[in-house]
Structure formats: C-alpha cells, structure tokens
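**Q** The residues making up each chain are set out below.
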Amino acid sequence: MLGKGVVGGGGGTKAPKPSFVSYVRPEEIHTNEKEVTEKEVTLHLLPGEQLLCEASTVLKYVQEDSCQRGIYGKLVCTDFKIAFLGDDDSALDNDETQFKNKVIGENDITLHCVDQIYGVFDEKKKTLFGQLKKYPEKLIIHCKDLRVFHFCLRYTKEEEVKRIVSGIIHHTQAPKLLKRLFLFSYAAAAQNHAATDPRNHTVMFDTLKDWCWELERTKGSVKYKAVSVNEGYKVCERLPAYFVVPTPLPEEELSRFQGHGIPLWCWSCHNGCALLKMSALPKKEQDDGLSQMQKSFLDGIYKTIHRPPYEIVKTEDLSSNFLSLQDIQTAYSKFKQLFLIDNSTEFWDTDIKWFSLLESSSWLDIIRRCLKKAIEITECLEAQNVNVLLLEENASDLCCLVSSLVQVMMDPHCRTRIGFQSLVQKEWIMGGHSFLDRCNHLRQSDKEEHQRQLSLPLTQSKSSPKRGFFREETDHLIKNLLGKRISKLINSSDELHDNFREFYDSWHSKPTDYHGLLLPHIEGPEIKVWAQRYLRWIPEAQILGGGRAATVSKLLEMMEEVERLQEKIDARPHGQGALLAEAPLLLRGSARLSALFPFALLQRHPSKPVLPTSGWKALGDEEDLAKREDEFVDLGDV
Amino acid sequence: MEFSDLIRTGRAQAKLLRGPEAPPLRGTLCLTGHHLLLSPGPQATSELWLLLLRSVDSIEKRVASDSGTITLRCKDLRVLQLEIEGVEASLDIARSIEALSSLESVITSFPFFYRPKGLRLGDAWHFHPPERYYKRVARETNAWRLSEVNEDFSVCPSYPRAVIVPRSVDDGALARSARFRQGGRFPVLSYHHAPSGTVLVRSSQPLTGPQKRRCAEDEELLRAVLAGARPGARGFIVDTRSSQAAKQARMTGGGTEAKAAYPGWKRLHRPLERGQPLQESFVRLVEACGDLQQSTDSWLRRLEGCCWLAHVKEALSTACLAAQGMEREGACILVHGAEGTDSTLLVTSLAQLILDPLSRTMAGFQELVEREWIQAGHPFQLRCAHSAFSHARPKHEAPTFLLFLDCVWQLGRQFPLSLEFGEGLLLALFEHAYASPFGTFLCNSEKERCLCEVRTRTHSLWSGLNQPKEQRKLRNPLYAPNPLAIWPSVELQSLRLWQGLFLRWIRPPEPSEVAWEKVWQIVTDKEKTKLSQPTVSASEPQL
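Quick note, the sequences are listed as chains A and B, same order. Everything in the first sequence is counted per UniProt numbering, starting at 1 for the first residue and increasing by one. Everything in the second sequence is counted per UniProt numbering, starting at 1 for the first residue and increasing by one.
Hints listed in this document are in silico derivations from the structure and should not be mistaken for laboratory results. There's no promise every hint is true.
[Unchecked claim] Taking lysine to aspartate or glutamate and the EDC-like style, the derived pairs with C-alpha atoms no more than 16 Å apart in a straight line are:
no.	chain 1	residue 1	chain 2	residue 2
1	A	K134	A	E160
2	A	K568	B	D525
3	A	K554	B	E304
4	A	K528	B	E304
[As the list claims (entries may be wrong)] The following label-pair restraints were derived from C-beta to C-beta distances:
no.	chain 1	residue 1	chain 2	residue 2	range
5	A	K144	B	K469	31 to 39 Å
6	A	K510	B	T252	26 to 34 Å
7	B	R496	A	M204	34 to 42 Å
8	A	D498	B	E470	37 to 45 Å
9	A	R217	B	G19	54 to 62 Å
Backbone N, C-alpha and C fix where the C-beta goes; we use that ideal spot for every residue, glycine too.
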C-alpha cells in the first residue's frame with residue numbers, strides 16, 4: 001500500500017535501510033538462550049604469521065546483550081593477533097563485505113591492540129597478569145580501539161584453557177624485543193611493494209631533498225636551510241638525519257649540546273614568519289660556568305631568529321604553562337572507561353550520568369585547550385607577524401601536537417590526504433615522538449604508564465574538521481561543526497587575551513575561505529565527543545541507515561548523477577560516451593550502514609529483546625513479530 | 001478598551017541592536033497596538049523593521065541622562081536592544097510594550113486583524129479535519145467509526161466535534177466512559193497502523209479514585225479496541241507517570257486501570273516530566289546557552305543540570321516503546337498520563353512519526369500537528385503564554401510542544417533523508433506556537449476556537465506556510481520517501497543539543513545556511529537536468 005502510494009522523488013532511490021533497535025530496558029528482558037552454532041571457519045594467516053596456541057569450544061558472548069547468549073568457536077593466538085573463529089562472514093551482504101578489513105577481521109584483536117585482560121572467577125572480575133595459579137572461567141579483553149570481548153571458557157578443556165590463557169597473557173604482556181614485533185617478520189615475508197603512483201606520494205622527510213622541497217613549498221628557503229650534519233646520527237639519535245635550521249646558524253653550533261637548544265624549523269607562514277621548535281638545554285644546578293656557557297650559547301642562537309625590528313621571536317614554553325602529559329594520560333584513561341562497556345546494563349547505567357561522567361574525565365576540556373593553544377600561536381604568526389618558538393624538554397610530545405595542529409589550521413596543503421600524511425611523517429615520525437614508549441608497544445613495565453596516548457589529542461582534535469580536510473566538496477560543513485564565542489584564557493595575560501579574542505572573533509565574523517586559514521570553534525557546546533571513534537562498538541548508539549553517513553552518501557550519489565547527466569549531454573556522437581561507464585559508487589547499496597560508518601560493526605547480531613509479555617504469553621501462539629527482519633521495499637521498481 | 005489608551009508616546013528616535021552579527025539600525029521607532037516598527041531614515045537602504053509585540057517575553061529598561069535602553073527578550077529566544085532618545089519617551093514606550101505584549105484577550109489579538117495579500121480567509125481551515133483522517137482509516141479497517149457524540153462539546157470540552165471510536169461502541173456508552181475519565185477524555189483513536197493491524201489510542205486517566213471505581217462502558221470500550229484489531233489481540237497501557245504517581249493520583253480521584261478490570265491489557269509506566277519542572281528545565285537550558293563565558297566543563301555540567309536532553313531521551317524512548325509494541329509485538333497501545341493533553345500527545349504523535357511514512361511528508365506532518373496537538377486539545381494558550389525569559393512565575397506554562405519539536409529534530413538529524421520537511425518548519429512552528437499573526441495556535445481547544453470564531457476570522461498558519469515562496473525554507477532537499485519505520489538511537493550519547501534553535505541568535509546560523517543553500521543548488525540542478533521526467537510530488541499524501 002505504501003510502496004504503491006509513494007513514488008520516489010529522486011532518481012537514485014534505493015531500498016531504504018531498516019533501522020530497528022529495541023527500546024526495552026535490560027531489566028525488562030527475561031530470556032536466557034544460548035545459540036549453539038559451531039561453524040568451521042578457517043584461520044586466515046598473513047605472510048610470516050604463525051599460530052601459537054588455540055582452544056576450541058569457546059563461547060563468545062554477544063556484547064550488546066546481558067543475557068549470556070553467544071556463539072561457539074575456536075579461540076586462537078598467533079604472533080600477530082588473537083582471533084575468534086566462529087562467526088561466519090558469508091552472512092554479510094555483498095555490499096557489506098565490500099567494506100571488510102582484509103587484514104584484521106571483526107573478531108581479530110591484534111596483540112598490540114590489547115589494553116587490559118580480565119578474568120572472571122566465581123562472578124568476580126580480576127585483572128590478569130603474570131603467572132596464573134588458577135584459570136578463569138571467563139576472559140574479558142579490553143582493546144585499545146575500545147572493543148570489549150567476552151569469552152566463556154567453561155565448556156573448554158582444562159588443558160586448552162591453560163594453554164590459551166597463559167599464551168595470550170604472555171604474548172600481550174611480556175616485554176618484547178623490538179625485532180620480535182610481528183611487523184618485521186611480515187615485512188620479510190611480504191616484500192612485494194606495488195609501485196606507488198608519484199602523485200600519491202607521501203613525503204617521508206628522510207632525505208635532504210624532501211626538506212628542501214618543503215622549504216620551497218612554504219617559501220621558507222629565504223631564511224632557513226636544510227642541513228645534513230646529523231647524517232648517520234652523529235650529532236644526536238633523537239633528531240632526524242636531515243632537518244632545517246635558520247640560515248645564519250653556524251653548523252658547528254648544532255653539535256654543541258647534542259641538538260638541544262637548536263631552533264628546528266617546522267613550517268613557514270605566507271608572510272615569512274616561521275614556526276620553530278626547540279628542546280630545552282639540560283638543566284644544570286650550581287655549575288655556574290656551564291650555565292653561563294649555556295646562556296651565551298642561547299643568546300647567540302636567539303640572535304639568529306630574533307632581530308628586531310626585522311624579525312621578532314616569541315617563545316612558547318609548553319612544558320611550563322600548558323598541559324602536562326600526566327593530565328592528558330589521566331583524562332584519557334578516565335574518558336575511555338566510558339566506552340569500554342561490558343554489557344548493555346552497564347551502558348544504561350552510564351547513560352544516565354553521561355554528561356557528568358564526560359565532564360569529570362575533562363577530556364573534552366583538554367581537546368579545547370589544545371585547539372586554543374594552536375589558535376593562539378596561529379594568531380602570533382598570522383596577525384602579529386612574529387616567529388614562534390615552541391619549547392619543550394625533548395620537543396617531541398606537545399611540540400608535535402601543537403605544531404601539527406597549527407599547520408592543519410593554516411596550511412591547506414596539510415588538509416589533503418597526502419599533505420596530512422606528510423605532516424604526520426614530518427612532525428610526529430621525524431619529529432621524534434616516542435611512539436614505542438608512549439604506546440608501550442614493547443610492554444616495558446618500567447615505562448611510566450602516563451607517557452602513553454599523547455598522540456590521541458591530535459586525532460581527537462582533528463575529529464570535527466576531518467571530513468572537510470579530505471573532501472573538498474564537504475568543506476563548507478566544517479564551520480557547521482564548530483561554533484562561536486570564547487572563554488577565559490588559562491595562564492595568560494590580558495593583552496594576549498585581547499589579541500586572541502579579537503583575532504578569533506574577527507575571523508569568525510567574516511565569510512570563510514575554506515582553502516585558507518581555518519579556525520575551529522572552541523566554545524563549550526562545540527566540542528563534542530568524536531562519535532565515530534568512541535561510540536562505534538556500542539550497539540545502542542548506532543543509527544542504522546541514518547546519520548551523517550546517509551546524508552553524505554545521498555549527496556555523493558546526487559553529485560555523481562549530475563555529473564553523469566552532464567557528461568551525457570556533452571558526449572560526442574561517435575560513441576565515446578560508452579567509455580564513461582558507471583564508476584563503482586562506493587556507498588551505493590549501503591543498505592545497512594550505520595551512522596558511524598565506516599567505523600561501526602558491520603555485522604549485527606540479531607538480538608532484539610521483546611516487550612515483557614510473560615503476563616499473557618500462555619495465550620499467544622501468534623507469529624513473533626519481534627524476530628521479524630524489516631522487509632526491504634524496493635522503491636526503484638515501483 | 002482601546003489600544004491607544006495604552007500608548008502614551010507612540011514615536012521616538014531610536015537605535016536597534018540585534019546581536020553581534022547584524023549591524024545596528026537607526027531610525028524612527030513607532031509603537032502600534034500590535035507592533036513595534038523601526039523605520040530607517042529616507043537615506044537608508046534597509047527595510048522597515050517590524051516586531052510583533054506578542055512575541056516579547058520580558059522587558060528590561062535602563063535610563064541614562066537623556067536616553068533610555070530597553071532590552072527585549074523575545075519568545076523565540078532572540079535578544080534585542082533599543083536605545084531610545086529621551087528618558088520620558090523611553091519609559092513610556094517600555095510601559096506600553098509591557099502592557100500590550102501581555103494582553104490576554106484573544107479576539108483583540110493580531111490574528112484577528114492580519115489580512116495578508118494573496119491569502120483568503122478560511123482557505124486552509126478545512127484542510128485537516130478529523131473526517132479527513134477518518135477517510136484514510138476507513139480504507140484500512142472497518143472496525144472504527146466517526147462519532148459526533150461531542151458535536152456540541154458537552155461530552156468532552158477539549159475534544160473536537162468528531163472523534164474516531166470503535167464501531168461496536170455506541171454514543172451512549174462513549175458518554176458514560178467520558179464521565180469516568182478526567183476532563184471527559186475517553187479513549188479515542190490516534191493512529192491505525194495498517195501493516196500490523198494495530199491501533200494507537202489515547203485518553204486521560206480513569207477516575208478510579210480511592211474507592212477503586214470501575215466503569216463497565218469504559219471497560220467495554222477498551223475491549224472493543226482489542227477486538228477491532230484482531231481476535232485475541234493484546235494491548236499495552238503506556239502510563240506516562242511512574243507507578244507510584246499513578247497510585248497517588250487515586251487520592252485525588254484519578255488513578256489507573258485495574259488489571260482485573262481490563263483483561264488483555266498490560267500496564268507499563270514510563271514517567272515523563274511535565275508542567276513546571278519541564279518549564280524550569282527549558283529556562284535553565286536557555287540560561288546556559290546565553291552564558292558567554294564558559295569552558296567545556298561548566299557547559300557540560302549545566303547541560304546535564306538542566307536535564308533537557310534527558311527529557312528528550314525519555315520522550316523519544318517512550319514513543320519508541322509504543323511504536324515497538326505496535327509494529328513488533330502486534331499489540332494495541334493506549335497512552336495516557338493524567339489530563340491526557342500533554343505528555344500523552346507527545347508520545348502518540350512521536351510514535352506516528354516513527355511508524356507512519358505519510359506523517360513524515362510535509363502535508364502529513366502538518367496534519368499530524370493539527371490532529372494530534374491542536375484538535376486533540378493541547379492547551380496552547382496556557383502552555384505557550386510565556387517562553388524562557390519571562391519573569392512571571394509559570395502557572396500553566398510548559399514547553400511540551402517544544403519538546404515534541406526537539407524530538408522531531410533529533411529524528412530528522414538521525415534520519416536525514418526520511419523527513420520531507422526540514423529544520424525550517426520546526427523553527428517556524430516553535431515561533432508561531434508562542435506568537436503568531438495566524439490563528440492556528442490560538443486558544444486551548446476546539447470549543448474555545450469555535451466561540452472566538454477563529455476559523456472564520458483569522459488566517460490559518462498552514463495556508464501561510466504552504467505558499468510557494470515559503471517552501472524553500474521549510475523543505476528537506478534530501479528527502480527520499482522511506483516506507484519503513486525509523487528507529488532512532490535514544491541514548492544521550494546519540495542525542496544532540498538543537499543548536500539551530502537554542503543557539504540560533506547567539507551564533508550565526510550562516511554556515512549551515514550556506515551548506516543547505518549549496519545542497520538546494522545541487523538538488524535543483526539535478527531537477528533541471530531531468531526536465532523530461534515529471535515526478536509525482538511526494539508531498540501530496542497519496543490517498
């Protein structure tokens with residue numbers, strides 16, 4: 001009836017997307033079913049990957065469901081990942097498999113993705129580490145990408161439980177040698193790199209040429225030069241082999257303090273002002289002679305970049321009046337707990353206090369402060385025409401964060417895919433961010449935990465404008481996502497406050513050039529949780545067939561249609577038009593994409609709690625509508 | 001009483017400030033019975049500025065040596081500032097605005113004088129009568145009939161003349177059931193869900209009282225509802241109060257349906273906020289939005305503190321529960337709270353939007369608002385007398401209708417292709433519900449509208465909105481008909497603050513407008529290239 005009545009207005013009408021989720025609260029559900037469907041699924045190994053241990057008849061619980069349903073299968077651990085073999089991928093629609101990750105499956109957990117492992121002993125949850133005396137009946141794995149896995153080992157042979165549990169604990173927690181990381185054996189086994197298209201080339205900044213190219217691009221070559229003094233890491237192991245310094249700086253100065261106290265060039269602004277970073281000189285107590293020497297050394301250095309009235313430098317000490325790494329780590333570990341949800345009941349609990357929990361983590365405030373710092377520095381470069389020197393102990397944590405944020409805001413090149421990859425390579429990889437320590441890839445227990453996760457604010461900060469950065473047609477959405485108005489400055493003078501405010505307000509009151517300077521909004525309501533990263537594994541937060549994914553795919557489809565029709569009109573009579581075959585549209589037939597696409601779970605387990613009908617269940621033998629799948633009505637055929 | 005009695009100074013030189021984005025406006029300020037006008041001098045290029053006095057929510061005055069400043073906070077959340085030359089003149093004008101904006105008489109209100117070009121009186125008033133919806137129901141099922149038992153509004157003063165009831169129940173039984181329900185609001189059909197053959201019914205609370213009274217006709221009526229759906233069908237009574245509140249209501253003569261008296265029906269309690277607490281929540285949210293100096297942290301604290309999004313969540317999830325019951329469990333649903341004129345209508349109208357694709361079209365949504373809010377007796381005049389800025393203590397004010405619009409906005413945000421109308425229509429409805437040149441939202445019920453002759457003496461908002469020049473602002477350019485139910489995610493994590501409304505005047509809406517303008521452009525480009533294929537407009541419900 002409806003299908004006949006309504007005729008599609010748009011040309012690309014397709015089957016709409018069923019969106020059903022259940023609104024019955026967990027406490028209103030009274031089912032306790034176990035789905036016993038053990039399927040034979042083969043383990044997919046990458047080149048160089050080795051199976052280490054396995055256990056069969058493991059029950060993997062359906063996460064969204066507190067009523068203990070699950071799927072039986074085999075749990076294996078390789079030198080690359082922990083994998084559960086049970087779910088059958090063929091159940092996915094064709095168009096859904098199109099978005100499958102070919103390296104890491106939905107039930108795969110790479111070893112370095114494991115965050116915490118818990119065991120359940122007599123209904124009690126305990127963290128697992130080291131040698132176990134007793135083996136748990138349930139294994140809970142929290143992943144760094146915020147997935148949570150529950151494996152029930154009650155039906156598994158005792159011997160296999162021992163092997164798999166201790167295997168997993170050993171391979172995810174024991175300290176490792178760098179050379180033993182899987183990627184080395186993978187690289188050795190899979191050597192054939194396809195030749196890359198030079199246009200899609202990420203600048204690696206591992207040659208003098210790359211740096212010269214970057215200098216040319218930003219017109220920084222007038223005042224700065226690339227040097228090769230650190231070739232073979234003779235001066236300093238922390239620094240890249242090649243880097244850029246002010247032209248007047250004598251090369252022999254560079255090695256004086258092993259690269260400390262040297263202003264390293266990050267980027268040049270169109271007006272010639274540069275963003276620089278410097279690692280602080282080692283602090284010496286009492287030794288007057290040495291500190292005197294340091295002082296005169298620094299004075300000399302400053303003279304190369306601070307020559308009033310031609311050039312002025314402003315120093316921004318990130319270690320003393322900005323966030324500490326400890327702040328960031330504490331906030332993140334609180335924040336991520338909001339998303340590591342063990343089951344639906346727990347989710348409903350956090351939901352009630354959502355905003356206060358979010359607030360107490362202060363993660364969003366940290367994001368805001370990072371963005372704000374970057375805007376302040378942008379203001380100095382753009383409006384005050386001064387060089388900015390970022391100062392930090394090793395110049396490899398907050399320096400990387402702030403300088404790359406500034407470049408994303410100021411340099412449109414950094415908002416292209418290649419440009420952004422090159423930026424990460426330049427500021428984070430070559431910038432010496434200690435990923436190995438910060439992410440504790442080697443599981444060195446003595447490394448302080450607080451050192452981790454620094455790179456995350458960068459990713460989160462980018463969250464809102466990201467879309468625009470990589471797709472020009474949606475650039476205008478950026479401002480949409482952001483807001484207006486500013487708040488009290490932290491640790492800053494009135495003058496700075498006024499400058500900042502004026503700069504910020506005047507930028508936001510003018511029409512935006514999306515290919516020029518972009519400033520994010522940093523007011524309270526505008527800093528939001530990055531749903532696609534943090535909510536993607538939480539079934540309750542998914543909107544099937546809705547959300548921004550739906551808008552974007554519709555717009556793409558429409559634009560493609562306009563283009564195709566245009567091409568048809570323009571097509572020459574001698575049949576060249578036939579070559580313009582339909583480009584495979586990525587999102588077409590995206591029947592069940594969630595609003596969190598492309599990051600959400602593809603496969604949804606058919607868990608649809610029904611209303612508590614126990615009151616009149618005895619009478620009814622009618623068709624169970626709750627189990628029914630939404631029917632697809634193809635409007636295109638009407 | 002003449003308006004002129006209230007106007008002592010009708011004219012003054014003034015400067016108008018309209019927020020950070022718009023440039024200030026200078027000119028002659030004129031005060032009339034219904035409007036405040038600012039006419040820029042002859043040399044100025046800008047047009048006449050006009051404000052309906054009815055839309056002023058609160059007024060603040062300050063005087064300096066030779067001028068005065070009046071701050072007007074409007075019901076649509078705008079804040080305006082007028083700098084007026086002359087202390088005396090500014091005090092006079094402030095007093096007049098205060099008096100004229102709070103006049104309570106309906107028949108002297110502006111809609112009775114508004115005669116726009118291009119519209120004819122009475123044009124759209126017969127656009128959405130219950131008879132029209134009944135025609136659709138009658139095509140789907142034979143179990144219901146149109147009853148005129150309320151022809152003279154004597155059975156239920158807040159119902160329209162005609163209501164849809166089970167065919168097997170006669171008018172006498174309806175009248176007796178009405179006596180057993182608060183305000184005479186006996187169970188009537190709200191929506192028939194053809195795909196599952198189930199119905200959504202609404203009423204007010206039964207007058208069970210401390211003696212646990214029963215009413216055979218009322219029981220018969222609900223039995224007939226189930227029998228009409230399918231032999232052996234079951235039903236849920238969604239009570240929008242907590243079970244404790246429902247029990248307590250017995251002490252004051254109300255209560256809820258006893259299990260034994262209504263076999264086949266099962267009660268579910270989903271407490272929804274209403275009345276004063278809801279108004280306070282609205283006020284606190286608007287306060288938080290207007291506070292310029294805040295960091296993310298205090299923003300989140302205040303957002304949680306005002307509970308507005310929690311109310312949105314509760315309303316949506318209750319509506320989803322009702323919709324789930326109908327579509328998934330094949331059950332009939334009766335919704336009521338106490339009076340049945342607020343949260344009840346919120347739930348029934350949202351449930352229809354979730355389930356019924358026709359109610360998501362432009363025409364269907366207007367019909368839904370007309371049928372489920374205006375004719376169903378939501379007391380707009382009492383609820384929307386004041387908005388968030390008023391200093392008057394709220395007596396009957398409650399932003400129930402705004403909560404509905406917010407929920408619809410959330411649905412539209414989560415399903416951006418499934419609603420034919422856009423944010424523009426929701427904003428227009430919000431504005432007009434609080435202050436309007438049209439008569440649609442006047443009065444509290446059909447009975448009052450009849451007495452005031454609203455239908456013959458004022459213009460309908462629907463005919464105003466359906467003029468072609470308005471449509472572009474109101475429509476969703478991405479609309480693609482979706483014949484399925486739309487099931488939103490109701491968790492706080494998935495809900496958003498409706499910035500287009502709450503921050504509309506604080507931050508410039510221009511980026512989103514630019515974006516939509518672009519989308520419109522693409523859509524119209526596309527339509528141009530498809531000239532050869534005329535498409536059937538989806539806005540006309542295909543009956």
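**Q** Each hint: holds or not?
**A** Right, here's what the structure says about each hint:
Proposed proximity of A/K134 and A/E160 is supported: the alpha carbons are some 14 Å apart, at most 16 Å. About 15 Å separates the Cα atoms of A/K568 and B/D525, which keeps this hinted pair within 16 Å; it holds. A threshold of 16 Å between alpha carbons decides the hint, and for A/K554 with B/E304 the separation of about 34 Å lies outside it, so the pair is violated. Of the pairs offered as hints, the one joining A/K528 and B/E304 holds, with about 14 Å between alpha carbons and a cut-off of 16 Å not exceeded.
The hinted window of 31 to 39 Å between A/K144 and B/K469 is violated, with their beta carbons roughly 55 Å apart. Separated by about 60 Å at the C-beta atoms, A/K510 and B/T252 break the suggested range of 26 to 34 Å. For the hinted restraint 34 to 42 Å between B/R496 and A/M204, the CB-CB distance of approximately 40 Å keeps it satisfied. A/D498 and B/E470 have their C-beta atoms about 44 Å apart, which keeps the hinted 37 to 45 Å range intact.
Range check, A/R217 to B/G19: about 41 Å between beta-carbon atoms, so the 54 to 62 Å window is missed.
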